[in-house]
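Student: Line by line, the protein sequences are chains A and B.
In terms of the numbering used here, the first sequence is residues 1 to 260.
In terms of the numbering used here, the second sequence is residues 1 to 309.
Mixed in with the good hints, there may be bad ones.
Said to hold, decoys possible - Pair ranges (Cβ atoms, derived): (1) B:Pro169 / A:Thr19: 27 to 33 Å; (2) B:Ala166 / A:Met28: 39 to 45 Å; (3) A:Ala21 / B:Ser138: 25 to 31 Å; (4) A:Ala132 / B:Pro169: 52 to 58 Å; (5) A:Ala21 / B:Pro169: 39 to 45 Å; (6) A:Met1 / B:Asp222: 44 to 50 Å.
None of these hints come from the bench; they were simulated from the model.
Cβ atoms here follow ideal geometry from the backbone N, Cα and C, with glycine treated the same way.
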Amino acid sequence: MFARALATEFMKLRRSRVTWATLAGLSMGPLGLALFMWIIREPGRAAQLGLLGTKANLSGLEATWPAYASALTLLVGIGGMLLLSFIVAYIFGREYTEGTAKNLLALPVDRAWFVLAKLVVAASWWLVLVVAVIAESLVVGLALGLPGFSSGVATGLARNALLAAGISYLLVPMVAWITTAGRGYMPPLGFAIAMMALGNLFGKTGWAEWFPWSIVPLMIGAVGQPVTALPAGSYVVLAITFIVGVAATVLQLRYADNAQ
Amino acid sequence: MPDAADSTVIATRALTKRYRDVLAVDALQLDVRRGEIYGFLGRNGAGKTTTIRMLLGLIRPTSGEVSVLGRRIGPGETGVFGRVGFLVESASAYPNLTVRENLEIQQRLMGAPTSAVTGAIEQLRLSEYADRRAGRLSLGNKQRLSLARAILHSPDVLVLDEPANALDPAGIVEIRELLRSLADEHGVTVFMSSHILGEVTHLADRIGIIHEGRLLEELDRDELQAKAREFVEVRVSDPTRAEALLREAGFPHIERDPDSPGVLHVQDAADRTARIAAVLVGAGLELTALTATREDLETYFLRLTGGAS
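Please put together the full structure from these sequences, using the hints given.
Tutor: Encoded structure:
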């Protein structure tokens, strides 16, 4: 039954513009960052072209591979958390906005399989996006000829980006739950933005390791110096957040009224 | 609760749904028999869709029970739904997918053979639109797609909420014939809701009338026809005196027309119009109209459910 649900969930993405829009959105990140690097490296030419040379210099960034890799990790970590929430809100929320949720609930397939199938689709979609953006970042960085490239820098970029992406993924079943409870796109997006703001707030306190939405910012250095190794407690918090999110979504669909 | 061995396919027992202060469905008792078309008739907001949602397990009753094909519907029930086709409220489909792709999703989820997709497309006359995205269909064709989805896996039970919605008159007749043939030739039990009396009386074997969440009456088609009352409409110069004269002459059941109090309705007198005329004219009253009238079913329905307001 899970295989049937999974196959149909992938079918639903056919001709979906949202998949391409998310790829286009995330792929703009490395290009924008590369432009920033180029402005820092060549402020004279950038000024001639009317680009923001002064501001770029003021940011304190250097046009080097380590700085580029670090900024990219921030971009995938923070921007990705929001984008992934959007993807999950779309996958679950479209059933309500397109009026098809009711069609999923009186079938010989357990409702829990739909939740898991949708989360697998989100994971696959997210993995493709992150791998594509890492590959794009490497190609763009090399084409820009930034100094300081080494296989270690490239591996570190890929590892940190994938780790941040993976941790972000553990948070999204909560977004799925808010989507099914709120029956649409707006509640989960509001929830995701609020949690990110709280994550930033907690990140600046001593509780950063224990608040799920602070862990990615903590790890990638968005709220201080990047943390090289997270405490085991953070992984426990993330695992609990994931399990609670999945269980809440399944219970919501099984026991709550689904009056669309 | 009835089991699958007897003829009851859908049963509700004291089925009740309350939303805070609103009692949407009130102690509903229904028994829908195998192979019959049951018309669930009620005005907008009467509780039809809420009942259908409870039959399909989309919402949970506040109290009472629902069973379909002998299985009690509750959280986690899935087995019975392989034998049930349904359409709830408005037609819906994935707009980015074609008609065929939308039906392929249903075919996979139901475990039906792949040929069922083409079969359903042909039965609902959607061949011309099979490769058109659902988002570009007219409302009528979207309704056909939803009906195709409901019948695709050859269900034993069809639960249809306002199946004629958005269909043109020819489409309504076509769907009526399709449902009739599914019931007569394949023994499919059809539970269909409607707020349109004519649609139900044309098709249903049995009719349940729901109003403000309560089942007011349950009757078969012939009984419904018999419920329509006959009366003689009398327009006369002095209705008060005319009423007294007619009562004396052996016409005890007289009502004033609610819309025009000067007009009398003499019940059960359609075959005695000459006698009415003789009584009134003989008393010197000016008789301006005398018409034998049969109350139509629409009027009966409105009278039962509290008028047209």
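Student: Hint by hint, work out which the structure violates, then give me just those numbers in ascending order.
Tutor: Number 1 only.
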